[in-house]
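Take a look at the letters that make up each chain.
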Amino acid sequence: MALDDDYASSSDLEEEDYYLSDQEEDAVEEDVLHGLEDDHIEECRWSESSVITKESLLAAQREDLRKVMDLLAVNEHHARTLLMHYRWDVERIFELLDQKGRDRLFSEAGVTLHKSNISLTVTVTCIICFEEVSPHASTEMDCGHRFCNDCWTGHFIVKINEGLSRRIKCMAPKCNTICDESVVRALVSVDHPDLAEKFDRYLLESYIEDNNTVKWCPSVPNCGNAIRVKGDAICEVECTCGMQFCFACLQEAHSPCSCLMWDLWMKKCRDESETVNWITVNTKPCPKCHKPVDKNGGCNLVVCICGQAFCWLCGAATGREHTWSNINGHSCGRFTEDQTKRTEDARKNLYRYMHYHNRYKAHIDSMKQEATLKETIQAKIAASENKDSSKIKDYSWVTNGLVRLFRSRRVLSYSYPFAYYMFSDEIFKDEMTPMERELRQNLFEEQQQQLEFNIEKLSGDLETNFHDISDEKIIETMGRVINTSAIVDGLCKKMGLFVITAYIGI
Amino acid sequence: MLDVSRVQKELVECNRDKQISGVSILLHDGSHDLSHLTGSISGPVSSPYEGGTFTIDIRLPSGYPFEPPKMQFVTKVWHPNISSQNGAICLDILKDQWSPALTLKTALLSLQALLSAPAPDDPQDAVVAQQYLRDYPKFVSTARHWTEAFAKITSLGIEEKVQRLVEMGFPEDLVRSTLKSVNGDENLALEKLCSG
Ligand SMILES: [Zn+2]
Ligand SMILES: [Zn+2]
Ligand SMILES: [Zn+2]
Ligand SMILES: [Zn+2]
Ligand SMILES: [Zn+2]
Ligand SMILES: [Zn+2]
Ligand SMILES: [Zn+2]
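From first to last, the protein sequence lines stand for chains A and B. The numbers in the working numbering rise by one with no breaks, and the one at position 453 of the first sequence is 453. The numbers in the working numbering rise by one with no breaks, and the one at position 83 of the second sequence is 589.
Simulated from the structure, these hints should not be mistaken for laboratory data. For clarity, every value in this text was computed on a predicted model and none was experimentally measured. A hint or two may mislead.
As the list claims (entries may be wrong) - In silico lysine to any residue, SDA-like type, Cα no more than 20 Å apart, as pairs:
no. : chain 1 : residue 1 : chain 2 : residue 2
1   : A       : LYS169    : B       : TRP604
2   : A       : LYS169    : B       : LYS698
3   : A       : LYS295    : A       : TRP324
4   : B       : LYS601    : A       : VAL158
5   : B       : LYS686    : B       : VAL580
6   : A       : LYS169    : B       : PRO550
7   : B       : LYS515    : A       : ILE127
8   : B       : LYS601    : A       : THR177
9   : B       : LYS601    : A       : ILE157
10  : B       : LYS515    : A       : GLU132
11  : B       : LYS515    : A       : LYS393
12  : A       : LYS174    : A       : LYS198
13  : A       : LYS361    : A       : PHE444
14  : A       : LYS198    : B       : VAL580
15  : B       : LYS515    : A       : ASP70
16  : B       : LYS515    : A       : VAL133
17  : A       : LYS295    : A       : LEU313
18  : B       : LYS576    : A       : ASP150
19  : A       : LYS374    : A       : LYS267
20  : A       : LYS393    : A       : ILE469
21  : B       : LYS601    : A       : PRO173
22  : A       : LYS295    : A       : ALA309
23  : B       : LYS515    : A       : ARG347
24  : B       : LYS576    : A       : PRO135
25  : B       : LYS515    : A       : CYS129
26  : A       : LYS291    : A       : LYS267
27  : A       : LYS174    : B       : LYS667
28  : B       : LYS576    : B       : ASP598
29  : A       : LYS288    : A       : CYS306
30  : A       : LYS284    : A       : ARG347
31  : A       : LYS174    : B       : THR612
32  : A       : LYS174    : B       : TRP604
33  : A       : LYS174    : B       : VAL580
34  : B       : LYS601    : A       : GLU132
35  : A       : LYS174    : B       : LYS524
36  : B       : LYS667    : B       : LYS698
37  : A       : LYS169    : B       : GLY569
38  : A       : LYS169    : A       : ILE127
39  : B       : LYS576    : A       : PRO173
40  : A       : LYS174    : A       : ASP191
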């Protein structure tokens with residue numbers, strides 16, 4: 001079945017015309033301009049997301065608190081305790097309310113609603129400090145446990161300093177009740193206003209840290225923003241600070257690679273074990289001058305550039321007289337099928353890795369170069385916008401084209417590690433037949449080539465010196481940039497779709 | 507800061523019925539530092555620890571009682587939840603289940619209960635736990651042997667030892683607590699007394 005799909009999409013691709021006719025161009029231009037204006041239109045793997053700044057954090061939290069307070073008729077403290085426990089998932093709370101009922105929903109989260117209304121008139125003994133205190137110097141929590149205010153304060157301070165303050169439990173043994181935040185705030189702020197502030201900050205940050213749909217932006221230096229996604233949490237998001245990252249692993253955006261692939265690839269590139277492997281497997285030191293000598297196929301007699309001949313199998317110096325299977329006057333017997341196979345495998349793997357790595361690296365390098373281009377181009381735009389002889393004042397299409405260029409260049413670059421793992425004959429041995437794999441690989445490579453072609457085209461057009469050319473030429477370039485941007489976007493999207501259909505867990 | 511008044515009250519309270527409860531707490535080496543104490547538990551009846559007296563080193567963090575006390579067996583003991591190497595204890599109320607409403611006495615009583623009822627599924631000492639689960643009779647005999655060897659103060663002669671040390675000029679209370687903390691070894695006690 002997967003095979004049929006492949007045929008279908010592969011023929012789709014052939015039929016599709018990536019070089020649009022003039023009539024179509026205008027329509028596309030409008031579409032693209034519209035698309036570029038709307039931040040929410042993203043390629044695949046880019047879930048809808050919103051940025052929560054420090055300033056909007058409080059409001060975002062209030063909104064969820066309000067919903068729970070209204071629907072369950074509870075106070076803010078209880079609403080927050082519920083939300084923290086159920087990871088700020090309002091819908092889940094309502095779901096569980098149906099499933100578990102109110103009592104269990106509350107008790108599991110540490111919310112106790114019983115409150116004794118007995119007003120004490122006599123002194124009470126605090127069982128923690130063993131002191132007699134007047135009722136107003138002691139506080140009873142929702143669970144009915146009463147201790148003196150000094151002891152409560154001591155308890156709160158220790159918990160806040162431990163960084164556990166989001167869920168401070170009652171002091172009574174085995175009592176699961178979460179202490180009322182207003183009591184904590186009131187008692188702690190008497191002598192430790194700084195800790196009370198810290199407590200409030202922790203409560204606020206819970207909205208992000210105890211929440212599956214919100215994560216801090218991992219930018220360095222940190223921008224302090226958080227991102228909330230709607231829908232699939234396996235996606236890539238962009239912060240207003242410019243950081244594009246994977247919401248699942250918090251590394252830089254790495255599509256079309258999966259998190260695991262990306263992790264493997266980064267490690268592989270880091271420890272260069274392949275190269276070391278290559279040297280040890282593929283070269284042997286010359287017995288005379290000790291330079292590494294590699295064997296370029298053929299028989300087991302190798303000759304160093306110094307002229308020394310030696311046996312590849314045992315490394316011993318020999319004469320040059322030999323046949324395929326033996327060297328005159330030399331017997332080592334170290335030849336085994338196994339050794340040869342290992343050498344061949346290592347060589348094959350290395351060439352494969354180098355093939356993908358070289359292309360990956362080449363696009364990374366272009367990406368770095370293009371990043372420096374950004375400023376140059378912006379300077380050019382500024383100059384052109386102020387040029388009196390030109391009527392063209394709007395160059396936002398250049399900036400938008402640049403954004404497309406950077407993003408698609410990255411996708412292209414990372415599509416090589418993706419292909420390295422996806423089409424390895426080992427990793428997906430059981431999931432794909434060799435024929436299926438070849439089909440998928442051909443299709444993928446075709447897409448890569450088209451993407452590469454269009455990216456280079458886009459890159460070239462964006463480097464135009466708008467300052468020096470006529471308005472007609474600028475308009476021509478604009479048409480091409482907008483057109484190519486759309487094509488590049490489409491191809492990235494296709495690659496994303498391809499990746500998702502090809503996804504098999506790595 | 508350490509709640510000194512609570513600790514003092516705890517000591518009085520705990521030692522009042524030590525004959526019945528079988529647990530007691532002294533200042534460590536008779537010093538005046540309330541943050542370093544020595545606890546003592548008598549081995550529970552009809553357990554392999556019966557007849558033994560187990561010494562426990564107690565350190566109180568500055569946040570006590572809002573932070574749990576740190577306890578460790580000084581007496582060597584063969585038990586799944588106590589390290590046979592260093593006496594470290596695996597007990598929830600000494601970690602996240604601590605409550606400020608618990609006391610040193612309740613903690614020691616919990617340790618005593620732990621001696622009666624090991625929890626081999628949450629072991630501190632994997633070797634002991636494995637033996638407990640696979641070869642219970644052997645576990646019992648080893649635990650008993652360790653109790654004999656390490657947890658019994660040879661009460662025979664203890665008074666003579668006290669006498670001799672008191673005659674050297676050390677206060678009797680201090681002598682008794684020191685002897686207890688080293689399980690009756692007179693030479694070790696003398697060493698400790700001299701080093702102050
Ligand atoms: Zn108190
Ligand atoms: Zn309570
Ligand atoms: Zn950011
Ligand atoms: Zn990721
Ligand atoms: Zn040579
Ligand atoms: Zn040859
Ligand atoms: Zn040879």
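Each hint, compared with the structure:
1. Between LYS169 (chain A) and TRP604 (chain B) the alpha-carbon distance is near 11 Å, which keeps this suggested pair within the 20 Å criterion.
2. A distance of roughly 43 Å separates the Cα atoms of LYS169 (chain A) and LYS698 (chain B); the hinted pair therefore is violated under the 20 Å criterion.
3. For the proposed pair LYS295 (chain A) and TRP324 (chain A), the alpha carbon gap of about 14 Å is at most 20 Å, so the pair holds.
4. Annotation: proposed proximity of LYS601 (chain B) to VAL158 (chain A) holds, straight-line Cα distance about 14 Å (limit 20 Å).
5. Simply put, LYS686 (chain B) and VAL580 (chain B) have alpha-carbon atoms about 11 Å apart, close enough for the 20 Å limit, and the pair holds.
6. Only pairs whose Cα atoms come within 20 Å are accepted, and LYS169 (chain A) paired with PRO550 (chain B) is rejected, the gap being roughly 33 Å.
7. With a C-alpha separation of about 12 Å, the suggested pairing of LYS515 (chain B) with ILE127 (chain A) holds against the 20 Å cut-off.
8. Proposed proximity of LYS601 (chain B) and THR177 (chain A) is supported: the alpha carbons are some 18 Å apart, at most 20 Å.
9. A threshold of 20 Å between alpha carbons decides the hint, and for LYS601 (chain B) with ILE157 (chain A) the separation of about 18 Å falls inside it, so the pair holds.
10. Proximity of LYS515 (chain B) to GLU132 (chain A) is assessed by CA-CA distance (about 13 Å); at most 20 Å being required, the pair is judged to hold.
11. Of the supplied pair hints, the one linking LYS515 (chain B) and LYS393 (chain A) is violated, its CA atoms being roughly 84 Å apart against a limit of 20 Å.
12. Between LYS174 (chain A) and LYS198 (chain A) the CA atoms are separated by roughly 26 Å; this puts the pair beyond 20 Å, and the hint is violated.
13. At roughly 19 Å between alpha-carbon atoms, LYS361 (chain A) and PHE444 (chain A) fall within 20 Å of each other, so this suggested pair holds.
14. For the hint pairing LYS198 (chain A) with VAL580 (chain B), the CA-to-CA distance comes to about 40 Å; that exceeds 20 Å, so the pair is violated.
15. At roughly 48 Å between alpha-carbon atoms, LYS515 (chain B) and ASP70 (chain A) are farther apart than 20 Å, so this suggested pair is violated.
16. Among the hinted pairs, LYS515 (chain B) with VAL133 (chain A) is consistent with the structure: their alpha-carbon atoms are about 16 Å apart, no more than 20 Å.
17. The hinted pair formed by LYS295 (chain A) and LEU313 (chain A) meets the criterion: a straight-line CA distance of about 11 Å does not exceed 20 Å.
18. For the hint pairing LYS576 (chain B) with ASP150 (chain A), the CA-to-CA distance comes to about 23 Å; that exceeds 20 Å, so the pair is violated.
19. With a C-alpha separation of about 30 Å, the suggested pairing of LYS374 (chain A) with LYS267 (chain A) is violated against the 20 Å cut-off.
20. A C-alpha spacing of about 14 Å is found between LYS393 (chain A) and ILE469 (chain A), which places the hinted pair at or below 20 Å, so the restraint holds.
21. With a CA separation close to 13 Å, the supplied pair LYS601 (chain B) and PRO173 (chain A) stays within the 20 Å bound.
22. The hinted pair formed by LYS295 (chain A) and ALA309 (chain A) meets the criterion: a straight-line CA distance of about 12 Å does not exceed 20 Å.
23. Only pairs whose Cα atoms come within 20 Å are accepted, and LYS515 (chain B) paired with ARG347 (chain A) is rejected, the gap being roughly 77 Å.
24. For a cut-off of 20 Å, the pair hint linking LYS576 (chain B) to PRO135 (chain A) is broken: about 33 Å separates their Cα positions.
25. For the hint linking LYS515 (chain B) to CYS129 (chain A), the alpha-carbon distance of about 9 Å falls within 20 Å, and the restraint holds.
26. At most 20 Å may separate the alpha-carbon atoms for a hinted pair to count; LYS291 (chain A) and LYS267 (chain A) exceed this at roughly 30 Å.
27. Among the hinted pairs, LYS174 (chain A) with LYS667 (chain B) is inconsistent with the structure: their alpha-carbon atoms are about 46 Å apart, more than 20 Å.
28. Taken as a hint, the LYS576 (chain B) and ASP598 (chain B) pair is honoured in the structure, with Cα atoms around 12 Å apart against an allowance of 20 Å.
29. For the hint pairing LYS288 (chain A) with CYS306 (chain A), the CA-to-CA distance comes to about 8 Å; that is within 20 Å, so the pair holds.
30. Between the alpha carbons of LYS284 (chain A) and ARG347 (chain A) the distance comes to roughly 14 Å, so the proposed pair stays at or under 20 Å and holds.
31. Between LYS174 (chain A) and THR612 (chain B) the CA atoms are separated by roughly 14 Å; this keeps the pair inside 20 Å, and the hint holds.
32. For the proposed pair LYS174 (chain A) and TRP604 (chain B), the alpha carbon gap of about 9 Å is at most 20 Å, so the pair holds.
33. The hinted pair formed by LYS174 (chain A) and VAL580 (chain B) fails the criterion: a straight-line CA distance of about 29 Å is larger than 20 Å.
34. The hinted pair formed by LYS601 (chain B) and GLU132 (chain A) fails the criterion: a straight-line CA distance of about 29 Å is larger than 20 Å.
35. Between the alpha carbons of LYS174 (chain A) and LYS524 (chain B) the distance comes to roughly 26 Å, so the proposed pair goes past 20 Å and is violated.
36. Only pairs whose Cα atoms come within 20 Å are accepted, and LYS667 (chain B) paired with LYS698 (chain B) is accepted, the gap being roughly 14 Å.
37. Simply put, LYS169 (chain A) and GLY569 (chain B) have alpha-carbon atoms about 16 Å apart, close enough for the 20 Å limit, and the pair holds.
38. At most 20 Å may separate the alpha-carbon atoms for a hinted pair to count; LYS169 (chain A) and ILE127 (chain A) meet this at roughly 17 Å.
39. Pair hint LYS576 (chain B) plus PRO173 (chain A) holds up; C-alpha atoms about 18 Å apart against a cutoff of 20 Å.
40. A hinted pair counts as satisfied when its Cα atoms are at most 20 Å apart, and LYS174 (chain A) with ASP191 (chain A) does not qualify at roughly 28 Å.
Violated hints for the displayed structure, listed by number in ascending order: 2, 6, 11, 12, 14, 15, 18, 19, 23, 24, 26, 27, 33, 34, 35 and 40.
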